[in-house]
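Spelled out, the chains give:
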Amino acid sequence: NAGVTQTPKFRVLKTGQSMTLLCAQDMNHEYMYWYRQDPGMGLRLIHYSVGEGTTAKGEVPDGYNVSRLKKQNFLLGLESAAPSQTSVYFCAGAIADSYEQYFGPGTRLTVT
Amino acid sequence: QQQVKQSPQSLIVQKGGISIINCAYENTAFDYFPWYQQFPGKGPALLIAIRPDVSEKKEGRFTISFNKSAKQFSLHIMDSQPGDSATYFCAASEWGTASKLTFGTGTRLQVTL
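Going down the list, the sequences are from chains A and B.
Counting in this note's numbering, the first sequence runs from 1 upward without gaps.
Counting in this note's numbering, the second sequence runs from 1001 upward without gaps.
Do not take every clue at face value.
For lysine-lysine, the following DSSO-like pairs were computed, each having C-alpha atoms within a straight-line distance of at most 30 Å [to be verified]:
#1 Lys1058/B with Lys57/A
#2 Lys1100/B with Lys57/A
#3 Lys57/A with Lys70/A
Please keep in mind that the hints were generated in silico from the structure rather than gathered at the bench.
Produce the complete structure using the sequences and hints provided.
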């Protein structure tokens, strides 16, 4: 099993450009999450999904959109990147009614 | 509003010593308190977790102490090793909220020889 994987690992964008981050899991996770990690701020929840076709806002959703068309994939989109979105992005998954989240390896995004 | 406060921000401990990281929470509905360990360039991984019905949980060299009345919990790493050098995050979750975690700001631990 690959677990939770993220694509790409690194990306540099210019202000105003768009991109999509892909999270894929083969652990039968019902729940999936997108976090951003910034120095001194821990991990903050951007959006999450409790099942295929469902999404919900987390703590810091502005500037991001998500889609969960298939159970195993959770996409995070940036429509118009801003320097404030420079961060490391982590995807995580969890089995329904289980507290434990399994994290992917992260994507380091730089917006210039 | 930061619901989980973590301290210290960084910690240096000699090999063989005890590392202690503290967290405090505000939401009394939280009922699950995990600690995650993160190595550079990697995603966080669950280290140990506790429910509020017990005051302590031990797994090997790692122990969580939990004080429900004070709304505090801490991670103790006994006989700290250089391989324990990592960033540690406390977190909290409330049942029925899609297992969402609220994280502390992290503690960078360095274990020196």
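Original post:
Against the structure shown, which of the earlier numbered hints fail to hold, in ascending order?
Top reply: Of the numbered hints, just 1 does not hold.
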